[in-house]
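J.: Top line first, the protein sequences correspond to chains E and L.
1 is the number of the first residue of the first sequence in the numbering used here; add one for each residue after it.
1 is the number of the first residue of the second sequence in the numbering used here; add one for each residue after it.
There could be a bad hint or two in this list.
When the alpha-carbon atoms are kept at most 30 Å apart in a straight line, the in silico DSS-like pairs for lysine-lysine are as follows [unchecked claim]:
| hint | chain 1 | residue 1 | chain 2 | residue 2 |
| --- | --- | --- | --- | --- |
| 1 | E | 198 | E | 245 |
| 2 | E | 159 | E | 216 |
| 3 | L | 362 | E | 394 |
| 4 | E | 321 | E | 252 |
| 5 | E | 321 | L | 156 |
| 6 | E | 394 | E | 381 |
Label pairs and their in silico Cβ distance ranges [claimed, not checked]:
| hint | chain 1 | residue 1 | chain 2 | residue 2 | range |
| --- | --- | --- | --- | --- | --- |
| 7 | E | 70 | L | 168 | 39 to 49 Å |
| 8 | E | 91 | L | 353 | 54 to 64 Å |
| 9 | L | 168 | E | 65 | 40 to 50 Å |
Derived from the structure by calculation, the hints contain no laboratory data.
C-beta: ideal position from N, C-alpha, C; glycine also.
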Amino acid sequence: MSLELRGITKRFGALVANDSIDLAVADGEIHAILGENGAGKSTLMNIVYGLLSPDGGSISVDGKEVRIDSPLDALAAGIGMVHQHFMLIPVFTVAENIVLGHEKTKGPGLLDLESARKEILRVSAEFNFDIDPDALVEDLPVGLQQRVEIIRALIYDAKVLILDEPTAVLTPQETDELLRNMKKLRDTGTSIVFITHKLREVKETADKITIIRRGKVVGTASPSASQEELASLMVGRPVSLDVEKKAANPGKVMLEVKNLHISDHTGRTLVKDISFQLHAGEILAVAGVQGNGQSELAEAIVGLQEHVTGSIYLDGKEISKSSVRDALHSGIAFVPESREEDGLIGSFSIEENLILDLHDLSPYAKGPVISKSIVAAEADKRIKEFDIRTQSAKDSASSLSGGNKQKVVLARELSRPVKLVVASQPTRGLDVGSIEFVHERIIAERDSGRAVLLFSTELDEVSDLADRIAVMYRGEFIAIVPADTSREALGLLMAGVKP
Amino acid sequence: MKLKKLILPALSFAMALFVSGLLVAFSDSKVLALKSHPISMLSKGLSTCGAAYWALFRGSIFDPRLASGHFWEGFYPFSETLVAASPLILTGLSVALAFRAGLFNIGAQGQFIAGAIGASWVGFTFDLPIVIHSIAAIAAAMIFAGLYGGFVGFLKSRTGAHEVIVTIMLNYVAGYFLLWLLSTTAFLRPGRKDPLAPEVHNSARLLHLFGPDLRANLGFIVALVAAAAVWWLLTRSTWGFRFRAVGANAAASRTAGISVARVSTTVMFLAGALAGLGGAVQILGTEYAMTSGVGGSFGFDAITVALLGRATPIGTVFAALLFGALRAGGLTMQASTDTPLDLVLVIQALVVLFIAAPALIKSLFRLKNVDEGETISSKGWNG
Numbered sequence: 001m002s003l004e005l006r007g008i009t010k011r012f013g014a015l016v017a018n019d020s021i022d023l024a025v026a027d028g029e030i031h032a033i034l035g036e037n038g039a040g041k042s043t044l045m046n047i048v049y050g051l052l053s054p055d056g057g058s059i060s061v062d063g064k065e066v067r068i069d070s071p072l073d074a075l076a077a078g079i080g081m082v083h084q085h086f087m088l089i090p091v092f093t094v095a096e097n098i099v100l101g102h103e104k105t106k107g108p109g110l111l112d113l114e115s116a117r118k119e120i121l122r123v124s125a126e127f128n129f130d131i132d133p134d135a136l137v138e139d140l141p142v143g144l145q146q147r148v149e150i151i152r153a154l155i156y157d158a159k160v161l162i163l164d165e166p167t168a169v170l171t172p173q174e175t176d177e178l179l180r181n182m183k184k185l186r187d188t189g190t191s192i193v194f195i196t197h198k199l200r201e202v203k204e205t206a207d208k209i210t211i212i213r214r215g216k217v218v219g220t221a222s223p224s225a226s227q228e229e230l231a232s233l234m235v236g237r238p239v240s241l242d243v244e245k246k247a248a249n250p251g252k253v254m255l256e257v258k259n260l261h262i263s264d265h266t267g268r269t270l271v272k273d274i275s276f277q278l279h280a281g282e283i284l285a286v287a288g289v290q291g292n293g294q295s296e297l298a299e300a301i302v303g304l305q306e307h308v309t310g311s312i313y314l315d316g317k318e319i320s321k322s323s324v325r326d327a328l329h330s331g332i333a334f335v336p337e338s339r340e341e342d343g344l345i346g347s348f349s350i351e352e353n354l355i356l357d358l359h360d361l362s363p364y365a366k367g368p369v370i371s372k373s374i375v376a377a378e379a380d381k382r383i384k385e386f387d388i389r390t391q392s393a394k395d396s397a398s399s400l401s402g403g404n405k406q407k408v409v410l411a412r413e414l415s416r417p418v419k420l421v422v423a424s425q426p427t428r429g430l431d432v433g434s435i436e437f438v439h440e441r442i443i444a445e446r447d448s449g450r451a452v453l454l455f456s457t458e459l460d461e462v463s464d465l466a467d468r469i470a471v472m473y474r475g476e477f478i479a480i481v482p483a484d485t486s487r488e489a490l491g492l493l494m495a496g497v498k499p
Numbered sequence: 001m002k003l004k005k006l007i008l009p010a011l012s013f014a015m016a017l018f019v020s021g022l023l024v025a026f027s028d029s030k031v032l033a034l035k036s037h038p039i040s041m042l043s044k045g046l047s048t049c050g051a052a053y054w055a056l057f058r059g060s061i062f063d064p065r066l067a068s069g070h071f072w073e074g075f076y077p078f079s080e081t082l083v084a085a086s087p088l089i090l091t092g093l094s095v096a097l098a099f100r101a102g103l104f105n106i107g108a109q110g111q112f113i114a115g116a117i118g119a120s121w122v123g124f125t126f127d128l129p130i131v132i133h134s135i136a137a138i139a140a141a142m143i144f145a146g147l148y149g150g151f152v153g154f155l156k157s158r159t160g161a162h163e164v165i166v167t168i169m170l171n172y173v174a175g176y177f178l179l180w181l182l183s184t185t186a187f188l189r190p191g192r193k194d195p196l197a198p199e200v201h202n203s204a205r206l207l208h209l210f211g212p213d214l215r216a217n218l219g220f221i222v223a224l225v226a227a228a229a230v231w232w233l234l235t236r237s238t239w240g241f242r243f244r245a246v247g248a249n250a251a252a253s254r255t256a257g258i259s260v261a262r263v264s265t266t267v268m269f270l271a272g273a274l275a276g277l278g279g280a281v282q283i284l285g286t287e288y289a290m291t292s293g294v295g296g297s298f299g300f301d302a303i304t305v306a307l308l309g310r311a312t313p314i315g316t317v318f319a320a321l322l323f324g325a326l327r328a329g330g331l332t333m334q335a336s337t338d339t340p341l342d343l344v345l346v347i348q349a350l351v352v353l354f355i356a357a358p359a360l361i362k363s364l365f366r367l368k369n370v371d372e373g374e375t376i377s378s379k380g381w382n383g
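The whole structure should be built from the sequences, with the hints applied where relevant.
T.: Encoded structure:
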């Protein structure tokens with residue numbers, strides 16, 4: 001089935017998220033839509049799936065114009081979608097989730113799950129999906145949950161399948177499997193719209209590539225184009241994808257973690273018996289699939305976790321019992337995973353955000369009074385040094401783009417005397433330019449003799465920056481391996497296969 | 001920019017007056033009797049409404065009939081407005097300050113009573129020189145009420161007990177504790193059986209601002225000074241910076257090393273002290289003797305006042321003045337027209353309703369891009 005979009009336009013206030021976008025997806029092709037975060041890819045697909053209504057333009061399926069006002073209309077027109085964040089109910093079984101919204105009955109008020117169960121088994125067998133219809137969704141690994149979403153689309157006869165950033169939550173192995181399945185689906189006649197910003201995956205699967213930048217289609221490319229070419233089209237300027245980095249020059253032990261154990265308030269173990277050493281002038285990257293205890297480990301180092309046992313030494317001094325403030329001021333820069341929630345106060349101005357940690361210390365405060373002029377002067381310095389793009393330091397932090405928000409966090413955290421940088425997912429959701437900036441800054445910190453503990457789920461980032469790689473699986477460091485370990489080997493470790 | 005911020009509250013007030021006007025007109029039997037004559041019904045309705053609002057004005061700002069001797073005597077009602085507004089400003093500041101730190105202080109009522117007890121006790125028990133006696137009574141009120149409020153913050157930071165539930169419960173505790181206290185020999189006025197405490201000594205009373213005939217007293221100045229102090233605290237000091245930071249995003253504040261627990265306890269102490277200061281002003285400036293009804297509804301109206309004032313000190317002062325005027329004028333309105341005092345409550349409620357629904361006012365008046373000001377937020381049950 002073919003899908004054609006003509007002149008799709010969508011505005012959010014003054015922002016034009018989609019500016020007259022044309023797109024033609026041919027029958028039985030994998031059509032990749034490539035663009036940076038915020039380019040308007042998801043908006044476009046939400047319009048196609050009926051979650052947003054466009055301000056202009058038309059959608060045709062097999063040459064016939066269709067009107068799509070809701071996901072039900074989209075399904076009726078043969079369009080299915082797998083969202084980046086799954087739309088599944090964790091405590092329901094696979095079959096229950098799949099019939100949700102389309103419940104059949106076998107008599108008044110009696111739910112007929114049997115036919116759905118058979119359908120699931122049939123589709124599952126056809127694609128080797130290995131899905132048990134009676135399993136609870138919350139018990140399934142993320143990769144299998146995604147297959148449940150795909151099965152749901154297929155059972156409702158989707159002939160065009162939209163996959164929104166489907167690999168963001170997968171291990172490399174799961175990603176490879178998904179890419180294989182996408183090709184299999186294509187070969188059986190399903191058209192696939194593949195939304196992503198990952199160049200490798202696009203090159204591997206796509207038949208055709210459309211690149212979107214700032215709400216506009218800026219070009220199409222064939223999968224034979226090089227990664228550099230694609231990246232340049234995506235960003236709008238030449239991009240170097242290589243991270244330049246000299247060999248590490250590790251010094252003394254800066255961070256030592258011994259037998260660290262973290263549990264949540266119910267007593268469930270989140271981090272199990274982790275011990276490691278990190279040297280000055282070294283980057284230790286912690287790789288792993290999201291949700292394997294990385295966030296908790298990062299937070300525990302600065303004292304943000306309760307229920308922690310074990311010891312943490314910074315430069316030989318024990319900090320495991322320190323308050324967050326003492327830990328930060330003893331020489332840790334902390335870049336939290338969620339900048340919006342933990343990194344910044346959105347309603348505060350940029351200059352206020354820059355002194356969240358230092359507001360009551362000299363020179364910003366004289367006694368109990370904050371000196372506005374010094375705060376403003378220091379803010380201007382930081383804004384220049386970190387190239388924060390803003391009209392004024394008085395603007396609210398929430399008005400900044402993701403990349404500039406992250407620069408505010410970095411500027412604040414690196415303005416104290418720092419021995420150790422703990423950075424959690426520092427480039428998540430950032431544009432290519434900001435990613436370059438953050439990477440360069442992290443390497444610069446290392447080169448100036450600081451220890452860096454980097455948590456990242458992006459394997460490319462881990463390989464590019466790390467001097468050593470620790471792989472985390474179910475709360476444990478399953479292995480610490482050299483930086484040149486192959487992607488495949490890392491993938492196996494991330495899936496919990498011990499070496 | 002500044003003027004724009006006033007558009008929404010002003011329109012809300014106008015809408016509230018309009019809707020209340022309809023209620024006044026259509027609840028009047030004389031108006032309803034004319035329903036077969038729409039024109040005369042309309043004019044009767046308008047005149048009824050006009051009379052009620054004129055009485056409201058006379059009771060709250062200026063009454064020309066009182067100005068026959070000296071012009072300034074016509075301002076007696078305005079003095080009453082100030083008397084009614086002073087404690088409300090202080091309880092309103094209490095709620096507003098807590099709001100800014102992300103805490104919902106429903107307990108201004110109980111803290112007000114704690115303050116009234118403290119001020120009353122020091123006022124009638126000790127013999128101290130003038131000025132010093134007032135200051136001592138005020139200090140006792142603020143410390144009593146501060147501890148009463150701070151206890152809530154302490155419980156929250158130690159055990160996670162939600163401040164809304166704890167403050168509501170402590171309102172009952174304060175109310176019944178006061179009743180019990182007024183039955184003890186220490187607090188019951190000698191020779192009386194009804195719950196009434198002895199009058200505070202003259203040395204503890206707050207001076208009248210405009211001579212002995214007008215009740216307006218130093219309490220109003222105290223309230224303005226407190227508002228200025230809260231403004232300074234929130235905008236200029238390191239403490240206020242932390243309060244606002246925790247109120248705007250507790251997670252980010254914690255991550256940046258700010259102790260959220262310490263902030264909750266401090267803020268609730270200060271909020272309690274402000275409400276307690278309100279109780280002191282009421283006792284030392286207006287009532288002199290504590291009764292079981294000393295709390296009135298100062299602590300509950302404070303929530304409305306703080307919301308109406310968008311949790312800013314200046315806004316709170318004006319909102320409290322508005323409520324004080326409605327309260328003072330309502331009595332005159334009831335006395336000189338058939339309009340019941342309850343209508344004042346209806347107007348208050350409608351003002352709040354329209355303020356709370358900026359989207360409604362915006363669509364009614366087709367306003368665009370009007371600054372809604374800072375959103376006042378408080379955490380839900382899981383906060």
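J.: Can the restraint linking residue 159 of chain E and residue 216 of chain E be considered satisfied, given a maximum Cα separation of 30 Å?
T.: holds, 26 Å
J.: If I claimed the Cβ atoms of residue 70 of chain E and residue 168 of chain L lie 39 to 49 Å apart, would that claim hold in this structure?
T.: Between residue 70 of chain E and residue 168 of chain L, where Cβ atoms are some 43 Å apart, the hint holds.
J.: Verify the proposed pairing of residue 362 of chain L with residue 394 of chain E, using a straight-line Cα cut of 30 Å.
T.: Between residue 362 of chain L and residue 394 of chain E the Cα gap is close to 27 Å, so the pair holds against 30 Å.
J.: Could you tell me whether the CB distance from residue 91 of chain E to residue 353 of chain L stays inside 54 to 64 Å?
T.: violated, 39 Å
J.: Regarding the pair residue 321 of chain E and residue 252 of chain E, is the alpha-carbon distance no greater than 30 Å?
T.: holds, 23 Å
J.: If I claimed the Cβ atoms of residue 168 of chain L and residue 65 of chain E lie 40 to 50 Å apart, would that claim hold in this structure?
T.: Given about 59 Å between the Cβ atoms, the range is violated.
J.: Hinted pair, alpha-carbon criterion (30 Å max): residue 394 of chain E, residue 381 of chain E. Please report holds or violated.
T.: Cα-Cα ~14 Å, so holds.
J.: Has the given pair, residue 321 of chain E with residue 156 of chain L, been kept, meaning a C-alpha gap of at most 30 Å?
T.: holds, 22 Å
J.: Need the status of pair residue 198 of chain E, residue 245 of chain E: alpha-carbon distance at most 30 Å?
T.: holds, 22 Å
In summary, the structure is inconsistent with hints 8 and 9 from the numbered list given earlier, while agreeing with the others.
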